[in-house]
Every structure is written in C-alpha cells, then in structure tokens.
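Q: Okay, here's what each chain looks like letter by letter:
Protein chains: 2
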Amino acid sequence: MSEQIKIVVDAMGGDDAPQVTVQGAVEALKITEKISIILTGRTDAIEQELKKYSYDSSRIKIVQADDVIGFDEPPVMAIRKKKNSSIVVGMNLVKRGEADAFVSAGSTGAILVGGQFVVGRIKGIERAPLAPLIPTANGQSLLIDCGANVDARPSHLLQFAQMGSIYMKHVIGVDNPRVAIVNIGAEEEKGNMLVKETYPLLKECSDINFVGSIEARDIPNGDADVIVCEAFVGNVILKLYEGLSSTLLHTVKTGLMRSLRSKVGGLLIKPALKQTMKEFMGEDQGGAPLLGLNGLVVKAHGSSGSDDIKNAILQCIQFNEEGINDKIKENIVTQ
Amino acid sequence: MSEQIKIVVDAMGGDDAPQVTVQGAVEALKITEKISIILTGRTDAIEQELKKYSYDSSRIKIVQADDVIGFDEPPVMAIRKKKNSSIVVGMNLVKRGEADAFVSAGSTGAILVGGQFVVGRIKGIERAPLAPLIPTANGQSLLIDCGANVDARPSHLLQFAQMGSIYMKHVIGVDNPRVAIVNIGAEEEKGNMLVKETYPLLKECSDINFVGSIEARDIPNGDADVIVCEAFVGNVILKLYEGLSSTLLHTVKTGLMRSLRSKVGGLLIKPALKQTMKEFMGEDQGGAPLLGLNGLVVKAHGSSGSDDIKNAILQCIQFNEEGINDKIKENIVTQ
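From first to last, the protein sequence lines stand for chains A and B. Each residue of the first sequence is one higher than the one before, starting from 1 at the first, in my numbering. Each residue of the second sequence is one higher than the one before, starting from 336 at the first, in my numbering.
Just so you know, the hints here were simulated from the structure itself, not pulled from any lab data. As the structure is a prediction and not an experimental result, all values here were calculated from the model. Be aware that a few hints might be false.
Stated by the list, open to error - No farther apart than 27 Å at their CA atoms in a straight line, the calculated lysine-lysine pairs in the DSSO-like style are these: (1) A:Lys270 x B:Lys609; (2) B:Lys396 x A:Lys253; (3) A:Lys278 x B:Lys396; (4) A:Lys274 x B:Lys598; (5) A:Lys239 x B:Lys598; (6) A:Lys278 x B:Lys598; (7) A:Lys196 x B:Lys598.
To be verified - Chain A regions said to be covered by chain B (calculated; three or more residues, Cβ under 8 Å): (8) 61–69; (9) 219–225; (10) 236–247.
To be verified - Interface residues of chain A toward chain B, partial, derived using beta-carbon atoms under 10 Å: (11) Glu27; (12) Cys146; (13) Arg153; (14) Pro154; (15) Ile184; (16) Glu215; (17) Ala216; (18) Glu230; (19) Gly266; (20) Leu268; (21) Lys270; (22) Gln275.
We put the CB at the ideal spot given by N, CA and C, even for glycine.
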C-alpha cells in the first residue's frame, strides 16, 4: 500500500464539536484505508469522544491545542493571537508538510485568513478562492469565489476560472467543464468594469472552456459548470440560495396546512418531496475547498453533522490522488 | 373632480404588445376615473385592438410613433436613433409635462437609458435606480438598485436609501421602513470598499430608519423593507430569485411524478400550492418604478399580461397623489 494521506481535522470547529467532528473522523477511517487522521484540539475532550467508538488507533492521532476560535471573533486578530488554537495548530501541520489537508467546520473568516496567512498561497497564485458546489437542475456547479477576497482584480478571476476548471475536471469528474462569468446580461459589452476587463482574459485563455456570461437567473438551471465571480457576488448567490430555498419550502409547507385536502396531499407527497430535495441538494461533498494553497483546506458548514465531516475528509483523497495542486502549479503559475 | 392623472402607455412594448398593453389600459380606465391614458405606437395597430372593447373614448388618446425598439437593440444607440419610437415619443410627453407617468413593458435597457436621457433626472439626483418589489416570507421588500447603474458610488447608494424609504412609506404604506445594505456579514467592519464607505453615510442619515447590514440569506425572510445595493448585486439577487424559484418548483413538480402515491398527493395539493405561491409572489404592482426622474417611469416585465399592465398603470396614481417626486426634491436634493 502506498503512503497514507494525512488529514488534519479541527476537532473543536463547528456547532456540534467535538462530538460530530470525532465521529465523522472515525467513520471516514472505516470507509478507507488510504487515510490517517490527526485531530487538533483539547486532548481530554477528544479522548472522551473517541472512547465511544472502536477504531484503528494506529491511524488516528491527537495534537493538543488549548484554544478555540469562536464564530464571532474578528478573524485576522484571532489567527494572529490564538497561535495555540485548533485551527492554527492544524494549519501549521499542513504548512510544515506533516499533513496533506486540513478540514474544519469552524469560523469561515478564521479559516480563510488562516489559509492565506498560515498555510500560504502557492507561489504565483494571487488569491485563494473558496469554491463551494451548488445544486442545479442537472447536477452541481462550482461557485468560485465565495470567500473574503473582496474588490478582486481581473487577473484574480482568471486564476479562479483556471483553478475551478482543474477542480471540476479532476475531483468532480466533469469533462471539459463549461466556464461562465456572472453578468447582468448575456452580451459581451455588458457588465461592470471588473467583468468587462475580465471577459477578454477568459475568452483568450486557451486552457479553459469559456462559454461567456451567465445571468443569475440561469445559474440554478445548470448552464455552466464553473461559475466565476468576485467574492461579494459569490457570497450573495450562495447565501440567497440557502435563504430562498428555505423560505420557499417553508412557505409551501405552511400553505399545505390550510385545508384537509392539502394536508392529506402533503402527507402523500412527503417521501417523494424529501427524496427530490435530497437529490437537488446533490451529492454532498461535505465542504468547500479553499483553492490555491500549499496544501488543501476544506471548509465544512458550521452546522455540519458527522456525515458532512466524513464527506469533507473523503473529498481530500481525490484531491490528493489527482495531484490538484501540482496541476495548478503546472497549468497556472508557469504561464 | 380634480384634474386627471395623465399616463402614457407604450402600446408596442412587451412580448404580447399591442394586445395586452391596449387591454390593460382599457381595464385601468374602467377601474378609476382619476386617470386618462395616452397610447404611443402605430395608430392602426392600436385602433385594431381598441375596437375589441367599449371604453370612455374621451379619456384615451393615441399618439403616433412609427418605430419600435426591440429587446435585442443596444439601448443607448436605440434611444438616440429611434426618436420616433413608442418609448422615446412617450417619454418626451412626460418630459414636456404633457403627461405625468410613462409605463412600458419594452426593453429594460432602453427604458433605463431613456429615463435618464429623455425624461431626465431630478436636479441633484445623481443616479436613477430601478426598484422592483420582491416577495418575502412576510410581505415584500424594495430592492434598490436593479438597473444599469454599474460601478456606483457611496453617495448614490445613500440617495437610493432615501428615495426607497419615501417610496415604501408613501406608495406601499410601510410605516418607518427598515433600510438595510446588502453585505457579506452582519458586522459593521465587513464588506467591500463600496459597502464600507456607504455604511457610515447610511448610519448618519437622520431621515431613514437604517438597521445595518443584511446578508442575502435573510432577504427572503423579510428582515428589511428597503434593501440597498449597487445595480450589479441587485440584478443578481432579482434574477436569482426568479431562476431559483422556478427551478425549485419545477424540481418539486417533477419529483411528484415518480410514484402513484405522490401523483395523487400532487393533485390534492395543487390548489393550495397555487394559492400559496400566488400569495408569496405578493400583491403585484405590475412593474418597477425608476425613481428620481422628472416624472414617473414604470418598467413592467417583458412577459406582462393585461393585468400587469393595468396594475402598473394604477400604481402611478398613488405615486402621483402622494407627490413622491416633490417629497424626493424636498427631502433629498436640498440637503
């Protein structure tokens, strides 16, 4: 067997840590022999959780971290000051090459800042985008960037398009992924300054399959595989996806309570509705990668369950085996 | 009776013009005696439609316009060259004070450009925002700006907040409307340069009820009445609202076809679902106002039916009776 992929899991990150983080890690170990896990956080709390399970103890290790970065702490300050937090300790393991990937359901801001300043960007990569998969009518699309890189420049968006294409092709398995830029009209001359300046760069780039502008209306329809935008717009799209789906489903459910007829109908459709929504939400990767770093950082949702943590861990295998970072270095940085 | 409010309707604008535009105009006349209508467009085509109805002919007038601006024509060029189009002819009537308002379901781009360059902005107003109402869990919110004013400045957004507040209070009847700025986090220090610079201006402005940042996730929940953002972001929100609602409903409907049980359930819930969605979509204003102009311009959806046109026309009454433009002049420009 080849050498194991070492994945650090922030045991303290997320709403239900360390319960679900430890459980997710143990479950991931059972699925594949390819990985070993390092849990960062308070040893006693982690051991307490580990006691609940039987697992291959040769493949799991605890690295003590006294501190936890909270969701409401200013990220830059927290990363600077809390050197002994589960996030900074975990990221340092990746930086020093003692681990291949870092998974956390902790503070998004802290993970983004830590990714850039602790793990560090691949030489030549100007910004490290957060790139979640969003569900569409016919599968899923990569929304890149949803991070904290506000006020982006055209050269950043070009790299996002390139990194996003590599990820969708080699990790998700989409052949010749269609790349589109979010715009307020389909015509080439439309858009704000950033989009107008980025458009020709994407058009001229020979190693992506650029299909032009995409209006937000067509994103849920799955008209592109890699949706390029600056982080403010990406954040609005991602959050509105969550908010509107939830409001619409809630509205429909409430509406079904208005008559006996619709109540009965509601009971009959429940399993099909549940299954459909599950399918729409797609095969969950468990987390969004932060691309372009010296090592992989995966951000899982703060409300992750153990399944999400497990999936986020398993996602790192494909990323590592496909040598995504080597491909990024070869294809982007040397241009 | 006081003088009638004169409303110009672009008879040729929209997917189903002049049928639905003429029908909508005739229906509006029947509802209230407060208005008279001027239809701009090809006289023969309009007369052909008018023949189908009985109406008070003293309150309807045709002004001939030979040309029509198509949906795919570059707006600036079209407004400049087609001086004899139904849009330019209609807007000139408002500009010269021969009418109070202009309603069109034609090309959004042409209406935005024509509003700024034909009708013209109120002195002191820097940009004229397009401000549609969007449905929320507990009513509707004004999304301002969704127009073509890309690369906005903080002073523009401040005026949007003020004009939006006046509109929501006096036209929609929301007491002390809550104003929020779209941001990628709730904290004051978050956001891109534009939001960071706009935030203190909104906070210091004494004539609006500023409640801080709103994340896109909370927009469908109705957490604010006036949602301030620059046009690129507004456009993304508006279009994603349309696209995601449509995709989700389609996905649910398709999912219900998978078993006999869910098919039966689907039939039972159909009336309640339809009613609920109708309620969620809110009391339709029929169109979005373009605020801050020397006269009112209302943009109706390209796919408007006669009801939408009728509602867009009726909306102009409240706007006119409340003297919205005088309020804008008094409250904003003189600051």
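Q: Checking against the hints above, which ones are violated?
A: The structure conflicts with hints 2, 3, 5, 7, 8, 11, 13 and 14, although it agrees with all the remaining ones.
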